[in-house]
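Chemist: Sequence:
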Amino acid sequence: MCADPRIQAAATSTLFHPDLHKRNLFVSENDPSKITGFIDWQPTCIEPAFWYADDVSDFSISGDTDYNLCAKAFEACTRFFTPQLSGPRLMDDNLFRPFLYSYRTWKDGAAALRHELIETTRKWNELGFTGQSPYSLSSPNGLVEHEREYKLFVAAQELKQDLASLLNTATDGWVPMENWEATEVAHREIFEGMLTAVLTNKDPENQEPVKNEAVLRSIWPFDLAFEAS
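Here the working numbering is used: the first residue of the sequence shown is 5, the next is one more, and so on.
Don't take each hint at face value.
[Said to hold, decoys possible] Below, simulated DSSO-like cross-link-like pairs (lysine-lysine); rule was C-alpha separation at most 30 Å, straight line:
1. 155 / 111
2. 206 / 155
3. 127 / 111
4. 76 / 26
5. 38 / 76
6. 206 / 164
[To be verified] Label-pair distances were calculated between CB atoms; the ranges are:
7. 80 / 113: 37 to 43 Å
8. 135 / 182: 58 to 64 Å
9. 94 / 146: 31 to 37 Å
10. 159 / 37: 43 to 49 Å
11. 106 / 36: 40 to 46 Å
12. 84 / 26: 21 to 27 Å
13. 107 / 166: 21 to 27 Å
14. 24 / 206: 45 to 51 Å
Don't read these hints as lab results, they were simulated from the structure.
Here the structure is a predicted model, which means the values were calculated and not measured.
Every residue, glycine too, gets a C-beta built ideally from N, C-alpha and C.
Using the sequences and the hints, build the whole thing.
Modeler: Below you can see the structure in the form of structure tokens.
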């Protein structure tokens with residue numbers, strides 16, 4: 005895959021600041037349209053151009069007309085001003101998916117990477133690769149076990165995003181000190197509510213990945229500094 009000309013063309017080394025929002029920009033006091041500096045460079049690094057191909061700007065997730073116009077303007081400006089980034093965004097993102105999880109197995113486990121390798125193998129010819137995929141598919145029983153693990157992985161990611169939204173925290177659980185006590189109370193209430201829902205579900209669907217307290221605790225993204233009531 006790495007030798008494929010399409011991936012080679014989209015893998016140009018690119019210096020990218022992934023956190024450019026208004027709080028990280030300095031502008032001229034006399035002309036706010038002129039940017040004079042950036043801060044918060046910690047997450048900046050040099051990656052292949054395709055690394056940020058699936059990034060969605062905040063305004064791209066709203067159905068509001070003005071937001072849609074901003075999204076279209078963003079895409080147009082990207083093509084004109086940063087063609088190196090625009091090229092991969094216009095390509096089939098399935099070409100890059102195995103690379104996006106390869107470095108995260110220490111954090112997310114093997115399920116996500118395995119899933120992308122399975123899907124890439126299934127679509128090998130459709131994606132335009134020659135020969136056969138070097139990744140061999142598991143046995144039917146192995147694929148069933150993988151689906152179970154992958155659904156649990158997806159549930160964990162969705163739980164993290166939902167909790168961060170409900171608690172108004174970062175996805176790593178950071179919260180301002182002045183909001184800590186109120187957030188922790190809300191955190192406990194949400195956990196106990198979800199735990200009750202899991203324990204009182206007498207007929208969980210076979211496809212439901214969270215079926216008991218142990219599994220819920222295993223995917224809970226934030227520290228539980230309390231015992232359930």
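Chemist: None of the hints should be skipped; say for each whether it holds.
Modeler: Status of each hint after checking the structure:
1. 155 / 111: holds (16 Å)
2. 206 / 155: Given pair residue 206, residue 155 holds - Cα atoms ~20 Å apart, limit 30 Å.
3. 127 / 111: holds (27 Å)
4. 76 / 26: holds (20 Å)
5. 38 / 76: holds (23 Å)
6. 206 / 164: Given that 30 Å is the threshold and the Cα spacing comes to 25 Å, the pair holds.
7. 80 / 113: 37 to 43 Å: holds (39 Å)
8. 135 / 182: 58 to 64 Å: holds (59 Å)
9. 94 / 146: 31 to 37 Å: holds (36 Å)
10. 159 / 37: 43 to 49 Å: Distance hint for residue 159, residue 37 holds at roughly 45 Å.
11. 106 / 36: 40 to 46 Å: This hint holds: roughly 42 Å between Cβ atoms.
12. 84 / 26: 21 to 27 Å: holds (22 Å)
13. 107 / 166: 21 to 27 Å: holds (25 Å)
14. 24 / 206: 45 to 51 Å: holds (50 Å)
Violated hints are absent here; each numbered hint is respected by the structure.
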